[in-house]
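Asker: Here is how the chains run, residue by residue.
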Amino acid sequence: MKRHTQRTIHTAVYHFLIFFFGLLMVYPVIWMVMGSFKDNAEILNGINLFPASFKPDNYLTGWRGFGRVTFATFFGNSFHITILATIGTTLSSALIAYAFSRVKFKGRKFWFACMLSTMMLPSQLVLIPQYIIFMKLKLINTYVPLILPHFLGQAFFIYMMMQFMAGIPKELDEAAFIDGCSKYTIFGRIIFPLISPAIITTVIIQFYWKWDEFLQPLIYLNRPTKYPASIAIKMFADASSTTDYGAMFAMSTLSLVPVFCIFLFFNRYLMEGISTSGLKG
Amino acid sequence: MDSRVRRFWNNENTVGYVFAMPFIVGFLCFTIIPMGVSLYFSFTKYNMLKSPVFIGARNYIRLFTDDARFAKSIGVTFYYVVVSVFLKLTFALLVAVLLTRREKLLGFYRSVYYLPSLVGGSVSVALVWKQLFATKGLFNNLRVAMGFERLSWFGDPKLAIWPLILMAVWQFGSSMIIFAAGLKQIPTTYYEAAKIDGAGSVRRFFSITLPCLSPVILFNLVMQLISGFMSFTQVYIISNGTGDPNDATNFIALYTYNQAFKYNEMGYASSIAWVLLVIISILTFIVFKTSKHWVFYGNE
Chain A
1 MKRHTQRTIH TAVYHFLIFF FGLLMVYPVI WMVMGSFKDN AEILNGINLF
51 PASFKPDNYL TGWRGFGRVT FATFFGNSFH ITILATIGTT LSSALIAYAF
101 SRVKFKGRKF WFACMLSTMM LPSQLVLIPQ YIIFMKLKLI NTYVPLILPH
151 FLGQAFFIYM MMQFMAGIPK ELDEAAFIDG CSKYTIFGRI IFPLISPAII
201 TTVIIQFYWK WDEFLQPLIY LNRPTKYPAS IAIKMFADAS STTDYGAMFA
251 MSTLSLVPVF CIFLFFNRYL MEGISTSGLK G
Chain B
1001 MDSRVRRFWN NENTVGYVFA MPFIVGFLCF TIIPMGVSLY FSFTKYNMLK
1051 SPVFIGARNY IRLFTDDARF AKSIGVTFYY VVVSVFLKLT FALLVAVLLT
1101 RREKLLGFYR SVYYLPSLVG GSVSVALVWK QLFATKGLFN NLRVAMGFER
1151 LSWFGDPKLA IWPLILMAVW QFGSSMIIFA AGLKQIPTTY YEAAKIDGAG
1201 SVRRFFSITL PCLSPVILFN LVMQLISGFM SFTQVYIISN GTGDPNDATN
1251 FIALYTYNQA FKYNEMGYAS SIAWVLLVII SILTFIVFKT SKHWVFYGNE
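If you're matching them up, the sequences are chains A and B in order. Read left to right, the first sequence gives residues 1 to 281 (this note's numbering). Read left to right, the second sequence gives residues 1001 to 1300 (this note's numbering).
In short, the hints are calculated from the structure, not lab data. Even glycine gets a Cβ: it sits at the ideal position worked out from N, Cα and C. Incorrect hints may have been included.
[Unchecked claim] Distance condition first, Cα-Cα at most 25 Å in a straight line; then the derived BS3-like pairs of lysine-lysine:
1) K138/A with K1262/B
2) K55/A with K1130/B
3) K1262/B with K136/A
4) K1136/B with K55/A
5) K138/A with K1289/B
6) K109/A with K1289/B
[Unchecked claim] Pairwise CB distance ranges (calculated):
7) F1288/B with N45/A: 47 to 57 Å
8) L264/A with K1184/B: 18 to 28 Å
9) P169/A with W1162/B: 47 to 57 Å
10) K1292/B with D179/A: 44 to 54 Å
11) W1162/B with N45/A: 39 to 49 Å
12) T1100/B with V26/A: 20 to 30 Å
13) I1286/B with S53/A: 51 to 61 Å
14) G1056/B with N45/A: 55 to 65 Å
15) T225/A with F1296/B: 55 to 65 Å
16) L1094/B with N40/A: 30 to 40 Å
Hey, can you work out the whole structure from these sequences and the hints?
Answerer: Have a look at this one:
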């Protein structure tokens, strides 16, 4: 009996601690969402989490954006860049993963080692020459530098898809080969459909990485009509007059909506993707 | 003729290169050629207006003998990486171990702890973080409410790096998920045997969990070190691109960016990028070399 109560207390303390710690973890995010409904004085001086009243004013003023460019443009640009880049990454990485895991071609090990090495390469190293190359090609202020590299495969996702393909029995390929399928049709009809969980994982992770991207658009774009949301939100803090914190938090909250949706609806794929290949978050 | 064409297209080598073509093109055009160009630039003076002028190793000499900002930048970056990676992985491991009990709610908690990793890279969260630590921000308001003085987190060179370190540690979720996956692989029979032998939970952690998990720790360590050295967005947002106060948050990635795109010193910036590559390579090499002594693989 005594041991029983002791264990109950133990469990209660354990749950209280992990709950409290969890609350602490998400507090900054909740604070931002709540802040998007407060006015500036309340954000700066108040210590209450909840706003005095839920007013949508910040969303209306924030949406107006800067100059004549509204957040409809910025979010549109973000979707444009992100969707194309995600399609590019997913298709090209699947093709490349198939080559490395299912086709025994000469030089396979060499190219595979090259791919692994690109995961460890600091991106700063190639940033400057890439910028100069794109500048010489007159592609500054276009989305080509932001999207094109994605159509040439991303090492993390290639590696993840290879892990996944390793789990598909080779007998399937052989059976299809005997039935007259070529390596091309085996990819299209068998491998690609079978790795769909890995495809979904790639789509969602690449989507939110690209959505959050900051350095690349910062370098390649300097016309506000071309800016994605990540750069536009930063402009609230740049404003020469005082920062409108409410509007900034409102647009920040909106910009995180796609990421929250991924978190709510595709959590399982995220967790699997991270744990199978050790992707960074 | 037709069959010969078909045989060519179905040859393993052709198929391999057809499918691997995107990677090979990308690797050459966006990695190898830029690396070569960058190495050349690092030996030149180049401001983008005039063509590059070859100046030998002068950029490197300037870096190591005549640039106090670079030396300081290396210092603060190392401090940031070492402290934040250590704290982050410790947290990730502890929480992963605490959350391995098989209960219904644990999946939920794991997701909650993972949320900061998911949103932490965004500009939005960096701006929120800046506001949390601002002079009139939440942390200072709490301090005042508890009877302490306000701290100038971003004005004091000694304090300025801590909001950044805390932000990195806050995002321990992805490492935690990887640890949790590793913990699942450890056979429960190990723990049962140790229990019968009378080992307590602390002893079991150090004698079973840590050694069995060491390959995963190695993996997390290397990945976090590399991404730590490259961290840019958060510090750019929080210091407004300056690395202030007094260069206390002038991380190497930020310094490279400013040299290149603010001062137009493309040659000099390239030499910094190469030094960064060398530093990361040496560190990774050291970690792998020493790993022989602390990483255990199942088949040994």
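Asker: Are the hints correct? Go through all of them and say.
Answerer: Tested hints:
Restraint check for K138/A and K1262/B: satisfied, since their Cα atoms lie roughly 20 Å apart, inside the 25 Å limit. A distance of roughly 24 Å separates the Cα atoms of K55/A and K1130/B; the hinted pair therefore holds under the 25 Å criterion. With a C-alpha separation of about 19 Å, the suggested pairing of K1262/B with K136/A holds against the 25 Å cut-off. Taking the CA atoms of K1136/B and K55/A, the gap is about 23 Å. The hint holds against a cut of 25 Å.
This hinted pair does not check out: K138/A and K1289/B have alpha carbons roughly 45 Å apart, beyond 25 Å. Taken as a hint, the K109/A and K1289/B pair is honoured in the structure, with Cα atoms around 23 Å apart against an allowance of 25 Å. One distance hint, 47 to 57 Å for the beta-carbon pair F1288/B and N45/A, holds here, with the actual separation near 52 Å. Take L264/A and K1184/B: their Cβ atoms lie about 24 Å apart, and the range 18 to 28 Å holds.
Between P169/A and W1162/B, the C-beta spacing of about 52 Å keeps the proposed range 47 to 57 Å intact. The beta-carbon spacing between K1292/B and D179/A, approximately 49 Å, falls within the hinted interval of 44 to 54 Å. The hinted range of 39 to 49 Å is not satisfied by W1162/B and N45/A, whose Cβ atoms lie roughly 23 Å apart. T1100/B and V26/A have their C-beta atoms about 21 Å apart, which keeps the hinted 20 to 30 Å range intact.
For the pair I1286/B and S53/A, the beta carbons lie near 57 Å from each other, so the given range of 51 to 61 Å is met. With their beta carbons about 58 Å apart, G1056/B and N45/A fall inside the hinted range of 55 to 65 Å. The hinted window of 55 to 65 Å between T225/A and F1296/B holds, with their beta carbons roughly 57 Å apart. A hinted range of 30 to 40 Å holds for the C-beta pair L1094/B and N40/A, which are about 39 Å apart.
Violated hints, in rising order: 5 and 11; the structure is consistent with all others.
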